[in-house]
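Novice: The lines below spell out each chain.
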Amino acid sequence: GAVVSQHPSWVICKSGTSVKIECRSLDFQATTMFWYRQFPKQSLMLMATSNEGSKATYEQGVEKDKFLINHASLTLSTLTVTSAHPEDSSFYICSASRGDVSAKNIQYFGAGTRLSVL
Amino acid sequence: GIQVEQSPPDLILQEGANSTLRCNFSDSVNNLQWFHQNPWGQLINLFYIPSGTKQNGRLSATTVATERYSLLYISSSQTTDSGVYFCAVEAGGTSYGKLTFGQGTILTVHP
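Residue numbers (our numbering), protein chains in the order written: chain A, 2 to 119; chain B, 708 to 818.
Here chain B stands alone, though its shape is the one from the complex (with noise of 0.2 angstroms):
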């Protein structure tokens, strides 16, 4: 099946520093998603982004298809931004909406 790495596995930041998180799949993909688990579990939907670049206030993120990889972009970081971030593929051809996660990058961001 389709392999999906994370990295960095840990990032920690100072407020108001700059992180980007990368994602690499290793084939092509219908659906990938970019989530970030809070210390409660929650899974909360960043962006749907198989392709091209999208912007969501202090968050952005890129995603070049043709070289299977994706970037997160998170600008001057808040405490709140803590937590794990976790890239989700949908691969291409008869996969029925099934995501395949990777292993996540621990985001730590001290006041």
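Isolated chain A (complex conformation) (with noise of 0.2 angstroms):
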């Protein structure tokens, strides 16, 4: 049990273009989904929280209005990364917690969404 899917696992878009990543939890409701960020050798950064039906909580130093975070649905969470420029080239990895006392807040990560930008 506690599988997340990613989608896609690997984008190559052109420099101004927007893309979409998908996050679903397949065999349980996840009330909590995070985003991470990856980049070569380094570790995960969190970008952002997101609530099923509420706004999405951003870290500091990340642009909502440039990764833009939908959680619609208990088992789908999406990231459009608007606007990419190849600096936003990276590793894009989601999470799912089920949130409830019995789950502990234990986070199961999909396979992650390699982004290249030209």
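These are computed hints drawn from the structure, not numbers from a lab. Treat the hints with care, since some could be wrong.
Label-pair distances were calculated between CB atoms; the ranges are [claimed, not checked]: (1) A:Lys15 x B:Glu774: 49 to 59 angstroms; (2) A:Ala73 x B:Arg775: 35 to 45 angstroms; (3) B:Ser782 x A:Ile107: 35 to 45 angstroms; (4) A:Arg115 x B:Ile719: 18 to 28 angstroms; (5) A:Gly54 x B:Thr786: 38 to 48 angstroms; (6) B:Gln785 x A:Lys65: 20 to 30 angstroms; (7) A:Lys21 x B:Gln721: 42 to 52 angstroms; (8) A:Pro9 x B:Arg765: 25 to 35 angstroms.
Idealized CB from N, CA, C, for every residue including glycine.
From the two separate chains plus the hints, produce the assembled complex.
Specialist: This is how it looks when you write it as structure tokens:
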């Protein structure tokens, strides 16, 4: 159990276009989903936290107008990179948490999306 | 915010060797998870261990919360154990489940 699916796994786009990444919890309801960014040979940095039905909470330094997050249902969150530029090229990873006390806030991670902006 | 330090940053082993990875954190935690990131980037949950000791096959982990560190033991290492091992913590208080990751330990196991 606790499978998180992320799609697409790899995307190449032209500068100025927008890219949408989906994160789905397949066998549980995720009250909270998280989006991370990872540069090569570096650790994961939290970008934002999203709760179903409410606005995402962004970490300091993350542009909310650049990285649009929607968490419209208990099994789906999306990250849209708007007007992507080469500096947005990175590995984006989502995670999901059941959020209930018995689940102990354990986060389960998707396989990640590698974004390359030309 | 909470600081997480992992050591060593790099570790090279021969197949069959044992190893210990360490994670120090600067404040009390509600959650501590160990992950293995494979060469394709997938993060695999190894342990949820905010305190105590757990074992799963060749892997075991111990967290001493009062002294703010956790250890991950890998015994009889195999080439498939290669990758990056991350420790991540959720700080106590109102962290709302947010995890802070250490910088990772890059493990390379040679045949």
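Novice: A separate judgement is required for each hint: does it hold in the structure or not?
Specialist: Consistency of the hints with the structure:
1. Taking 49 to 59 angstroms as the suggested C-beta distance range, the pair Lys15 (chain A) and Glu774 (chain B) conforms, at roughly 52 angstroms.
2. For the hinted restraint 35 to 45 angstroms between Ala73 (chain A) and Arg775 (chain B), the CB-CB distance of approximately 39 angstroms keeps it satisfied.
3. At roughly 24 angstroms, the beta carbons of Ser782 (chain B) and Ile107 (chain A) sit outside the given window of 35 to 45 angstroms.
4. At roughly 26 angstroms, the beta carbons of Arg115 (chain A) and Ile719 (chain B) sit within the given window of 18 to 28 angstroms.
5. Look at Gly54 (chain A) against Thr786 (chain B): about 45 angstroms separates their beta carbons, and that is inside 38 to 48 angstroms.
6. At about 44 angstroms, the beta-carbon gap between Gln785 (chain B) and Lys65 (chain A) misses the expected band of 20 to 30 angstroms.
7. Lys21 (chain A) and Gln721 (chain B) have their C-beta atoms about 45 angstroms apart, which keeps the hinted 42 to 52 angstroms range intact.
8. Between Pro9 (chain A) and Arg765 (chain B), the C-beta spacing of about 34 angstroms keeps the proposed range 25 to 35 angstroms intact.
Hint compliance for this structure: hints 3 and 6 are broken, all remaining hints hold.
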